[in-house]
Amino acid sequence: MPLTRRHLLAALPSLGAAGLGLGFIRMLHGLDRGQFDPRAINTPLTGQPVPEFPALSSLPGQAGLTREDFRTMTQPVLLSVWASWCLPCVEEIPFISQLAASLAAPRKKRDAPLALWGLCYKDQPASASRWLERAGQPFTRLGLDQDGQAAIEWGVTGVPEAFLIMPDPQVGGRIVWHGTGGLTEAVYQTRVVPHLEAAP
Amino acid sequence: MRLAVTLLLLLLVSPTCLAVDTPDEMLSDPALERKAQQIGQQLRCLVCQNESIEESSAPLARDLRHAVRQQLQQGHTAKEIRAWMVQRYGEFIRLRPAFSPATALLWLMPLLSLMVALLLACRFWYRPAPPPAPLTPEERRTLDSLLKKD
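Chains A and B, in that order, are what the protein sequence lines are.
Sequential numbering of the first sequence, starting at 1, is according to the UniProt record's numbering.
Sequential numbering of the second sequence, starting at 1, is according to the UniProt record's numbering.
Extracted from the complex, chain B is given alone in its bound form:
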């Protein structure tokens, strides 16, 4: 039971747990630190590739976290910092790929699916149901006999 509770608590904590190794890595300005974390969470750690640099403890991730914070302090915008990263490490470093001809289908797929679904829904909704075929003489007789039984 105790173990279950501990595990549950751990589960609750882990998503917000970032890999900032030492508190002095963080910026003293909370707003700027929040911004740094937002930028870092969208940058891939190139060592442990499915983690962001905010989550990874790889030395390179630590260096890149530091670079993000340093550039924020120098007054660079998030866009400039992302461009700086892409210039060195390529588009692969972005966990959220930029909109480009190669990723257009990826980004537009939800919109496209919704449009197709709406189109199909409209067509099926407004099509009048075909009138039922009239009963053949045999069917009519069977129906009459069934009705008379009651």
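So that you can see chain A by itself, here it is in the shape it has in the complex:
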């Protein structure tokens, strides 16, 4: 059978449909393996300097959180965004307590020096205080963001979220990782530790 123009014309839509099908298969596979999430929140602040945000006061007796603190920081900071009313934060807090304890008493040499700071999102100071009491005061600095304005500057869309900030004297702290989920041992090992090990 000779190849006519009609055959070529029929081939065009077939090729188009095949391409589309392959695309869908790739998307579904990505969904399966967790490499593709259509609802994933963008994290445009990754790689950017710490944003300017309103100074946050803290609970009595604890250090607050201001933009200036990131200019004077000397070690990497893991900033956890949380709230006492947030259920996923309940799941996350045992790991944070455990991490805080291991940072306070480094047993292994490879435990990189890291500061754990907290940003408490739209919470009552009394509830936040009780929560921290139960968690064993894991944060060395705590900002109470009661109206959620600082969280907007940080591009936070919900709680819990976390940021890893590296000291950078030129810009006053640079965000190297922004996690839009809770901190777990697995997330910490795969996302945070590689940055700490790569740091000079």
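Because the hints were derived from the structure by calculation, they are not lab data.
Remember, it's a predicted structure, so these values are computed and weren't measured experimentally.
No residue lacks a Cβ here, since even glycine has one placed at the ideal position from N, Cα and C.
Please note: incorrect hints may appear among the correct ones.
As the list claims (entries may be wrong) - Here are the computed distance ranges between Cβ atoms for each label pair:
1) B:Trp-125 to A:Thr-4: 14 to 24 Å
2) A:Leu-22 to B:Thr-6: 40 to 50 Å
3) B:Leu-120 to A:Pro-194: 47 to 57 Å
4) A:Leu-15 to B:Arg-123: 12 to 22 Å
5) B:Thr-77 to A:Leu-20: 31 to 41 Å
6) B:Trp-125 to A:Gly-23: 25 to 35 Å
Place chain B on chain A using the hints.
Here is chain B on its own, set in the frame of chain A:
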């Protein structure tokens, strides 16, 4: 019947129903408020992701609505406000994606489809139909006999 009418009325009302929780959220200047709604309807609520921030009652959507109105009052343009949002939340916050290499095919697809359709239509329209093949002697005989019958 009554229920049907109520449901129908609800259906008519719902598309224009925005989630502005309290009237004092709205700006007193109607023109500015309209502009704020136009901007907000093109921004995705990142909590309930298929709603715009104007439609959503999520606390974050309320904060972002407030931010849009505050910036409008300060004299910022719609473009500046959108850029402010994208800087914090990424391109994902735009319900109407910006034209970029990644979205070029999406935006140009209607134009491309129309051009291809026009091209094909022109070709088929102006191609002269091939002349019918002459009848074979047998066909001629059959036709003659059929015509004679009448």
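| request: Find the hints from earlier in the document that the structure breaks and name them by number, from lowest to highest. | output: Of the numbered hints, all hold.
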